[in-house]
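K.L.:
Chain by chain, the residues run as shown.
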Amino acid sequence: MSVLMISILFALAGALIFTLIGLVSGTDETAIIVPFTLLVILLGAPPEAVFSFFMAAVLSKHLTHAIPTALMGVPGDTTAVPLIDHASALRRLGVPHVALRKMLSGGLIGAFIALPTAVLFGQFLGQFADFFKSASGLIFTLAAILIAYFSKGKWVSVLMIVPFAFFIKSIDMFSFSVVEKHLSISFFLGIAIGPMFSDILVSLSSSARKSLVRSAPKEYHLAPEVKGWKGFFPNPFKVLTGRQTAHTAATSFVSSLTFAFSPVGMTSLMGEIVGSRNKGVYKKSTSSLAAMNGVTESTYIAEAIIPLLAFGIPLSPVALGPASPLFNAPPVFTSDPVNNLHNMLTPWEFFLYGLIGLVIASIIAYPFAMNYARTATVFVMKHISQEAIVGMFIGLACLLAFHEAGLVGIMLTLTMATVGGLLNRVLGVSSGVQFMIFYGSTYMITKLLGA
Amino acid sequence: MKTEAVVKEAQVNTSKQEYIEILGDTVVPSRILLAVIISVIASIGGYFLGKSIFPQIAEAKMVSSYSLLLGIGGSVIALIICSKLFKPSRILMEEETSSEGLEEILQDLQADAKSEYELIKNDPVTKKEMEELGILETFKRSGERSQ
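These protein sequence lines map, in sequence, to chains L and E.
Quick note: the first sequence, position 3, residue 3 per this note's numbering, numbers continuous.
Quick note: the second sequence, position 35, residue 1035 per this note's numbering, numbers continuous.
Quick caveat, the hints were computed from the structure, so don't treat them as lab data.
Quick caveat: nothing in here was measured; it's all calculated off a predicted structure.
Where is the CB? At the ideal position from N, CA and C, for every residue including glycine.
Be aware that one or more of the hints could be misleading.
From the derived model, a few chain E residues whose C-beta atoms are all more than 12 Å from chain L [stated by the list, open to error]:
id: 1; residue: Glu1021
id: 2; residue: Ser1052
id: 3; residue: Ile1053
id: 4; residue: Pro1055
id: 5; residue: Gln1056
id: 6; residue: Ile1057
id: 7; residue: Arg1145
Keeping only pairs whose Cα atoms sit at most 35 Å apart, straight-line, the calculated DSBU-like set for lysine-lysine is [unchecked claim]:
id: 8; chain 1: L; residue 1: Lys210; chain 2: E; residue 2: Lys1087
id: 9; chain 1: L; residue 1: Lys284; chain 2: E; residue 2: Lys1084
id: 10; chain 1: E; residue 1: Lys1087; chain 2: L; residue 2: Lys218
id: 11; chain 1: L; residue 1: Lys279; chain 2: E; residue 2: Lys1127
id: 12; chain 1: L; residue 1: Lys169; chain 2: E; residue 2: Lys1061
id: 13; chain 1: E; residue 1: Lys1084; chain 2: L; residue 2: Lys218
id: 14; chain 1: E; residue 1: Lys1087; chain 2: L; residue 2: Lys238
id: 15; chain 1: L; residue 1: Lys382; chain 2: E; residue 2: Lys1084
id: 16; chain 1: E; residue 1: Lys1061; chain 2: L; residue 2: Lys284
id: 17; chain 1: L; residue 1: Lys382; chain 2: L; residue 2: Lys181
id: 18; chain 1: L; residue 1: Lys238; chain 2: E; residue 2: Lys1051
id: 19; chain 1: L; residue 1: Lys279; chain 2: E; residue 2: Lys1087
id: 20; chain 1: E; residue 1: Lys1128; chain 2: L; residue 2: Lys169
id: 21; chain 1: E; residue 1: Lys1084; chain 2: L; residue 2: Lys238
id: 22; chain 1: E; residue 1: Lys1114; chain 2: L; residue 2: Lys382
id: 23; chain 1: E; residue 1: Lys1087; chain 2: E; residue 2: Lys1127
id: 24; chain 1: L; residue 1: Lys181; chain 2: E; residue 2: Lys1051
id: 25; chain 1: E; residue 1: Lys1061; chain 2: L; residue 2: Lys210
id: 26; chain 1: L; residue 1: Lys279; chain 2: E; residue 2: Lys1084
id: 27; chain 1: E; residue 1: Lys1087; chain 2: L; residue 2: Lys284
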């Protein structure tokens, strides 16, 4: 089978799986995209197919997470949080379906603008790659300090950098003495599932559980949906007004270049800018939603592609979170020394296989979300319990850790999930900071202790 | 006040079911543990099964990939089993179209009904879109009323 066909098949798989996962509200991107991408890599998919899979997964998930955001007023995931206010304004006006359509159309436009922009910009930045690669340890350390300061924990996150690096190196040394190889997938998975794992731990602790106890199940209010067009594939340019298309395109373009900033931050910022230029409740909300959802797509896509294409080392919030397996998934991909998609794909191939992923996701997720939003939401809400979902992700993480290093892998993952998850939940040291410390730990401990 | 709080706490403790919130949704504590155990056993069980049967039927270098696939199969089966065993603890309310008054909504959004309608009148694109949705009339009425 040719690489092209394999890539199309993997993109299809990614689009189908993540179209469904996107319907589950509140799912954390890192915890969900990381295990699946790792699976695809470890199954031996060619690098082109891995990239198509990832692109299809990201776009599909973002398109369908607009459904809980618009119809229930519950953020589909963290990047959807800034959209909630505008979405609920339209919901209260009785037109949640309009919020959904504007978001979907904006997202689609944003994605297709981000891909070529990111590939070109990444190629331009590539001339500085040697500098970045030779100084990667130092860059990771500095970046860890910077993003630690901007995380929820602020100074405590900065304070935790050295102890956490020491902790990582210590369990790395111990596991090395048992299995005689340095592990990294197990570390990754631990950081990724940390937040949900620590919730489970807290619920088991008789002293700590009070913070999570609820006396009643969570209530969801599902708004009605009105189909207002004919056919199956509504034209996004007709859903948006000309002015909205222009605003969405402009903000998506700009946010494709600012790859080092947080996607949530960029989404809020661009939403504010577009909102201030459109007056009137209805117009402001619809325009902001289209632009903001465009920005969540474009930041995600650009933040994965630019560091990958230009440096091969993860230097953006998305590259440290959901896209991290594209940089580092030993033995297939490594980021130190750089041996990942950076070396394996040309800029043209990044564009081509990225496009395959985006087109397939658009064909599947976009009409699905436009036509079956309500039916699908009702099905998921009534039949798929959160217990089953959380269970599946912890099961997958254990499977992958076991695949890497047997029982040692599982223990390492659960230890990381416990420590990382509690640091994240209690002290506000976010997963991005933890990933960055993981990358910089060797450099930091060598410099500090000479070990 | 004190006694009231105590009574409330007692009610929570004696009520039939306690829920905990994980990743933004409520679950039953004992079920989530069981679900995790079932999923871990199913996925690693699938992996072990693959490791023991594939060496006889597949090439040596593919054994590990196939075993991984069987492990994923196991976790998907676990998802289905857990969904059947544990019904979601959510309350889903299917709402009819909101019957809230527009004035109230606009007030919450700190907008003024009259200037809202003025803006819409002077913007043919938005006006047409709102007309097609059937919400233009409401805006028109509340705009005229507040004049």
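K.L.:
Please flag the earlier hints that this structure goes against, numbers listed from lowest up.
P.N.:
Hints 1, 9, 14, 16, 17, 18, 19, 20, 21, 22, 23, 25, 26, 27 are the ones this structure does not satisfy, whereas the remaining hints hold.
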